[in-house]
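Peer 1: Residues per chain, in single letters:
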Amino acid sequence: MTLEVEGAGPSGHAAPSADGAGAPLLSVDGIAIRFGGIVALDGISFDIAPGEILGLIGPNGAGKTTLFNCVSRLYTPNEGDIRFRGESVLALAAHQIAGLGITRTFQNLALFRTMTVRDNVLVGSHPQTRSGFLDDALGLRRGEPDRTEIDALIADLELEDVAGRLVADLPTGTQKRVELARALAGRPKLLLLDEPAGGLTHGEVDDLGGLIQRIRDERGVTVLLVEHHMGLVMSISDTVVALDFGRKIAQGTTQEVQNDPDVIRAYLGSSRQ
Amino acid sequence: MTDQSMTSEAPAQGRGKPVAERAGIPVGLKRAALLIGLIIAIALPFMVKNFTIFQLTTVMIYAIAILGLNLLTGFNGQFSLGHSTFIAIGAYTTAILMEFGGFGFYATLPLAALFCFIVGFLFGLPALRLESIYLALATFALAVATPQLLKSAPFEPWTGGVQGLLVFKPEAPFGIPLNSDQWMYFVTLVIGLVLAFFAVNLVGSRTGRAMMAIRDNPIAARAMGINIALYKTTTFGVSAAYAGIAGSLSAVVVQFVAPDSFTFVLAIGLFVGLVIGGVGSIPGALFGGAFLVYVPNIAEELSKGLAGAAYGAILLLVIYLMPAGAAGLVRAIVMKVLNRRA
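Residue numbers (this note's numbering), protein chains in the order written: chain X, 7 to 279; chain F, 13 to 354.
Read the hints as simulated data drawn from the structure, not as lab findings.
The beta-carbon is built from N, C-alpha and C at its ideal position, and this holds for glycine as well.
Keep in mind that a hint or two might mislead.
Sample of chain X residues facing chain F (criterion: CB under 7 Å; computed from the structure) [claimed, not checked]: (1) A97; (2) L98; (3) H101; (4) F118; (5) R119; (6) T120; (7) D125; (8) L128; (9) G130; (10) P133.
Covered stretches of chain F, as calculated for chain X (at least 3 residues, CB under 8 Å) [stated by the list, open to error]: (11) 212 to 220; (12) 233 to 242.
Build out the structure end to end from the sequences listed, making use of the hints.
Peer 2: Here it is, written out as structure tokens:
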């Protein structure tokens with residue numbers, strides 16, 4: 007883990023948060039969660055503005071994934087609240103989050119491995135469609151999403167050539183794009199990316215950064231990016247939140263966070279203090 | 013039905029993946045196979061003796077139950093070693109309604125399906141808490157308990173206890189010139205085709221994709237907005253309804269229901285039929301059904317004293333030759349031929 011990043015200047019994108027009253031899309035408000043005696047998150051608060059890419063960083067064990075899992079409702083925090091467009095999500099079940107407009111990718115790829123790429127993407131459209139067992143058994147095909155939209159999404163992520171292939175047969179980089187396509191098929195307002203750069207080559211990480219920005223620009227999707235790869239976070243984030251031992255130690259632009267003494271200490275150790 | 017045949021050629025592939033989702037046999041070829049199979053299926057009862065017709069009907073009945081089990085296990089990833097229970101419930105629903113309720117057979121069929129759906133759905137609720145092998149054990153417990161419950165005193169006035177109930181076999185209506193064996197063959201064929209049609213539609217739909225997504229990765233499925241509890245319990249209900257319809261048909265075809273027809277041996281047999289036919293393959297159910305009806309007879313002919321050992325040997329041989337089931341083998345052969353020509 008290193009903080010020196012080539013070309014990690016201030017982000018080229020000003021966060022387009024100027025719309026309306028500037029109400030945040032997602033508010034994380036004083037989240038605390040304990041597992042047994044261990045405090046995994048200790049009163050974390052931050053907002054994500056609509057259209058923003060927010061990078062969440064921190065050393066291993068800082069609580070990034072735990073926070074991520076609170077937002078996607080896999081964990082329920084002991085204290086605090088998480089509001090999406092002003093409404094608390096904590097009363098919802100995990101399967102209701104996607105329908106709200108929050109979809110995600112997974113750290114270690116969680117695809118439907120024995121299904122084709124196209125079917126994986128179609129599963130992503132589940133919250134956008136409605137059909138019951140009876141409709142589907144009778145062949146009414148009420149639950150089929152707009153075919154051109156799905157085709158366009160598959161093309162956009164350069165998956166046309168492998169659309170009919172089984173996911174398990176594809177290389178990691180391609181599988182990551184399948185996960186992105188699957189998450190986008192749910193037409194999210196907020197996309198949660200859990201370490202998308204993991205397992206990718208240098209070139210692939212650069213492409214991924216461009217892709218995430220393009221998704222934000224073209225689809226108007228707000229992005230919460232949890233990432234170890236500093237180069238990626240610093241090159242595309244509008245705002246960066248740094249965690250350490252379950253606490254927020256810094257928040258600001260990429261420049262501010264990179265120069266923050268607490269952040270430097272968290273990453274490099276405190277021997278020079 | 014379909015006309016795929018078993019050959020002894022060893023398959024080049026078959027890594028135990030569900031067969032249905034591999035990029036596969038062209039649709040035109042599948043339709044042609046269905047059509048030819050259908051013509052053969054319609055012609056057969058006029059060409060063979062009544063006992064053979066009875067056997068073929070039994071093959072289709074098993075295939076219906078295996079199809080239901082496949083929806084549950086093959087497509088949704090929930091194991092059941094207890095589907096004999098749902099067959100029993102279907103069979104007894106028909107027998108009891110006909111014996112004590114004065115119902116005609118055809119009226120009992122949807123009731124048997126509905127009742128089994130409800131029981132299956134309810135069983136699916138506690139099953140949600142059980143991981144694969146524990147669910148297999150829980151359902152196995154159901155299979156072990158069923159025959160004894162059917163014999164037990166509280167149920168005896170209805171079930172006829174150990175002796176079971178005799179069931180009246182319907183004749184062909186409207187003076188259709190078919191004997192009762194031929195008639196029930198066609199009734200079973202039509203019901204089987206309708207149920208296969210439903211299964212094919214289901215598997216290729218939003219519901220089917222949700223079922224398979226849960227099987228492949230439940231955590232990701234939930235993140236995609238899939239209500240896992242709803243899909244799992246409903247699939248359990250649908251699967252039980254298929255088994256119930258098979259049971260209802262078997263009651264009238266065999267003209268008899270008795271507790272010892274529905275032991276755990278039947279439940280395991282269905283599981284064997286599922287694997288032999290091909291997990292995740294819809295036409296594969298027919299192979300599974302044929303295996304259950306004919307292989308024990310073949311084993312018996314090979315050696316009367318060692319029929320069980322012969323059955324075991326055949327089973328091992330089949331698994332060795334067709335690791336992805338009959339459907340996987342047929343697919344591998346067809347794809348090989350197509351690729352050679354291309």
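Peer 1: If a hint holds in the structure, say so; if it doesn't, say that too.
Peer 2: So, going through the hints one by one against the coordinates:
1. For X/A97, the interface hint is violated, the least distance from its beta-carbon to any beta-carbon of chain F being 16 Å, above 7 Å.
2. Proximity of X/L98 to chain F is violated relative to the hint, the smallest CB-CB distance being about 11 Å (cut-off 7 Å).
3. This hint holds: X/H101 has a C-beta 5 Å from the nearest C-beta of chain F, less than the 7 Å allowed.
4. Interface hint status for X/F118: upheld, as the beta-carbon distance to the closest one in chain F is roughly 4 Å, under 7 Å.
5. Among the interface hints, the one on X/R119 holds; its C-beta lies about 6 Å from the nearest C-beta in chain F, closer than the 7 Å criterion.
6. Among the interface hints, the one on X/T120 holds; its C-beta lies about 5 Å from the nearest C-beta in chain F, closer than the 7 Å criterion.
7. A least Cβ separation of about 6 Å between X/D125 and chain F falls short of the 7 Å threshold, and the interface hint therefore holds.
8. Of the supplied interface hints, the one on X/L128 holds, with its beta-carbon coming within about 6 Å of a beta-carbon of chain F, less than 7 Å.
9. Evaluation of the X/G130 hint against chain F yields a held restraint, the C-beta minimum of about 6 Å falling below 7 Å.
10. Taken as an interface hint, X/P133 checks out: its beta carbon lies about 3 Å from the nearest beta carbon of chain F, inside 7 Å.
11. Residue count for the stretch 212 to 220 of chain F with a Cβ under 8 Å from a Cβ of chain X: 6. That meets the three needed, and the coverage hint holds.
12. Judged by the Cβ-Cβ criterion of 8 Å, the stretch 233 to 242 of chain F is covered by chain X as claimed, because 8 of its residues qualify and three suffice.
Violated hints, listed in ascending order, are 1, 2; each of the other numbered hints is respected by the structure.
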